[in-house]
Amino acid sequence: MRTFRKVASVIAAVTLSLMFAAQSQAQTTSNAAAVSLTFAVASSLTVAATPSSIVFTRTNSRNATASAPIAVVTSWNLAVGGGNVFTVAYFATIAAALTDGTLNIPASDVFASINGGTAAACTLANVNVAAGNPGAICPQIFGGIGVTAQGSHSDSILLSLISPTDFPVTSYTGTITISAQAT
Amino acid sequence: MKRVLSLLLLQFSFFGLAVSAQTVSPIIVECGKKCRGEFSITNNGLTALAVSVEARSFSLDTLGHATNRPPDPGVDLQLEEGSARISPKDTHTFAYQLKCAAPPCSVALLSSMVVGHTTEGILVRVQLAHTIYACEKQKDCRKKVRAAAGVTVD
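Sequence order for the protein chains is A and B.
Numbering of the first sequence is given in our numbering, commencing with residue 1 and proceeding in unit increments.
Numbering of the second sequence is given in our numbering, commencing with residue 1 and proceeding in unit increments.
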């Protein structure tokens, strides 16, 4: 009888130990794997100008209008709000906004209407924006002061030519610069 | 012959209608007396672009408008590349090194680009500025320059 009790106790002890072993296996958990995520967005400034070239149609011997207005969209994504964004148009040469190499149309004969406003000659000395050629700057296209961090502004600039004398017969070419800067 | 002329006309029409859209990033950086930096120009259009970069010093008025001028004598700006050709939908990075002998120096790097060409009329050129403020110490350089200029906005 004693022997039976001893054997039963041993069997019970072994069984219990096996049960605990099984329980401890069930509690095993894996290590937590950390995956770091980074996403850096740099500030940016975009200008879209359409079309990329325009031609002029003569309405009389001293006047001409552009084939289409230039649509200018200025978009920005700044680090913080409250900054300034400016867009301006200008010609590189005061005396020859358009030229055939010999005959010139000065910037004073080029008029710009911004967003349907009154046309004014591209002769501004300084509109304090971006790069400019003093004396050949058109009226400001966009002046955003204290802008929000992200934004976009659409404008149009319609050019026309008005000369005090008849345009000499030839083909003129030129380049207008749409310049944008954030400060 | 008529077919060739039609194709040429169509080609010029598409050049004329092409959207000239470009992006500069980052827009504004601050640095100390000596700094190395870079900025990227992205060609968002469908035509390759020739880009040229030039440096300008600038001053601010009380509203934060910039007036650009040729680089000041104390500004030594070295561009690794002064120009590049950027494929459609591609981005090009321009690296530079700026030494400012008499801080603060306010410098704009102007990237200019045109799409296509024209034999008559006006070509539209887009120009974007990457603005650098260099001071004795980098921290709050832009803020100090703007405060010195009397800028009340921001």
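Heads up, a few of these hints could be off.
Quick list of simulated restraints, FRET-style, between CB atoms [said to hold, decoys possible]:
hint : chain 1 : residue 1 : chain 2 : residue 2 : range
1    : A       : Thr-29    : B       : Thr-152   : 23 to 31 Å
2    : A       : Ala-32    : B       : Pro-70    : 27 to 35 Å
3    : A       : Ser-154   : B       : Asp-90    : 19 to 27 Å
4    : A       : Ser-156   : B       : Pro-70    : 44 to 52 Å
5    : A       : Arg-62    : B       : Lys-137   : 32 to 40 Å
6    : B       : Asp-61    : A       : His-153   : 16 to 24 Å
Hints are computed from structural coordinates only; laboratory data are not their basis.
Quick reminder that beta carbons are idealized off the backbone N, C-alpha and C, glycines included.
Here is what the structure says about each hint:
| no. | hint | in the structure |
| --- | --- | --- |
| 1 | A:Thr-29 / B:Thr-152: 23 to 31 Å | violated, 59 Å |
| 2 | A:Ala-32 / B:Pro-70: 27 to 35 Å | violated, 59 Å |
| 3 | A:Ser-154 / B:Asp-90: 19 to 27 Å | holds, 26 Å |
| 4 | A:Ser-156 / B:Pro-70: 44 to 52 Å | violated, 32 Å |
| 5 | A:Arg-62 / B:Lys-137: 32 to 40 Å | violated, 58 Å |
| 6 | B:Asp-61 / A:His-153: 16 to 24 Å | holds, 21 Å |
Of the numbered hints listed earlier, those contradicted by the structure are 1, 2, 4 and 5.
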